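**Q** What follows is each chain in one-letter form.
Protein chains: 2
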Amino acid sequence: MHSQRKEPRVTEAVAHDCTRISPCSAQAIELDEGDELVVIDPQGQQVSDLVAYNRNDLDEYLSSGRSIDYASKLWLTTGDLLYSNRSRVMFDIVEDTCGRHDFTLTPCSKDTFSIIYGETEGRPGCEGNLAMALAPYGIGVDRVPIAFNVFMNVSVDGDTGRIAVLPPTSKPGDHIRLRARMPLVVAMTACSAGQSNNFQYKPIDYRVVRKGG
Amino acid sequence: MHSQRKEPRVTEAVAHDCTRISPCSAQAIELDEGDELVVIDPQGQQVSDLVAYNRNDLDEYLSSGRSIDYASKLWLTTGDLLYSNRSRVMFDIVEDTCGRHDFTLTPCSKDTFSIIYGETEGRPGCEGNLAMALAPYGIGVDRVPIAFNVFMNVSVDGDTGRIAVLPPTSKPGDHIRLRARMPLVVAMTACSAGQSNNFQYKPIDYRVVRKGG
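The listed protein sequences derive, respectively, from chains A and B. The first sequence runs 333 to 545 under our numbering. The second sequence runs 333 to 545 under our numbering.
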């Protein structure tokens, strides 16, 4: 399906305690309260769309609108909180070596590629990949919300409101560490949208540090 | 429930073909493809949180993330399109005399008032009011997404990402005209959040112009 995409040469080994999300794919994991999730950009300039659901009530989900409203800023980083649609804290951002992420745009999809890029090959995009990863939980594609787009660099012109998707500022090894504040189902991608990842379609790594582990 | 709120004096009659949404409340209506919905700020500086669902498949809903992405701007106005989560056009914005609306924040809720304003009286907010208006359609509060916040004035600092909720720029009689591109259930509020409406809690009017009517 991604035959037109040239997978970048992987020049470093995956750290032994990390799991790799292959280019243009997604994975889902479960976290308990107090667990930490470290999302890592191993090669630089890659984006990971991240969504989360209360594991005990999947109708509660990560909400960009709540998180932005309570922080009074678009770009969240160390010390900020990620809220659910029910205004409860899902994550503390406890470490962030990059400092620039987006929380305004929906995961790219087959239709995104058609509308923005004129693509016709029907790649599932982050939205389709997230839905596949979340299928075992009964979460369908219509319930994939605006993601916390880790390392995604979206500029805003404060005068006109124009936005632009720029190459991520993340360097190899940059990471963000999120501490779960409730039991969660989390899904993450290695992003499929060329604009978002400077047309390099790299992998994403992650590591889970279990509470007390 | 709103006993602490002083309802502003209504100084003009409701236009004969308009319906009034009382302060701090919401209403739901149905539109057919081609119908036009005119949302009017009759007294100025009031906000209306607007959400929409495909009437034939209520899992399809108005999506801020898609709309912003495809327009490449945060602030949408005449000539712009409002998309669903499935990347289909729900509305054309065919007229807009105000020119400033928000599409990044979730409707205010009981918890918003608690977290941002320190209120303890438990007002339902736009989220609760939208859910009440949508209850006949089986749409619960967890399915109220980020709204198209008509007349809401949210500034963004393009350097820091800081946002601020400012008084609306809308003058008495300002309005936005939306043409439905599919059969829709639409819910709208007269906003309950003090910051959004300059602490004046005014009504909102609307008018539906039926296709060919």
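Do not rely on the hints blindly, as some may be mistaken.
[Stated by the list, open to error] No more than 25 Å apart at the CA atoms, straight line, and that leaves these computed lysine-lysine pairs for DSS-like:
| no. | chain 1 | residue 1 | chain 2 | residue 2 |
| --- | --- | --- | --- | --- |
| 1 | B | Lys543 | B | Lys405 |
| 2 | B | Lys442 | A | Lys405 |
| 3 | A | Lys405 | A | Lys503 |
| 4 | B | Lys442 | A | Lys442 |
| 5 | A | Lys405 | B | Lys405 |
Don't read these hints as lab results, they were simulated from the structure. Treat the numbers as computed from the prediction; the structure is a model and nothing was measured.
**Q** Looking at the structure, which of the earlier hints fail to hold?
**A** 1 and 4
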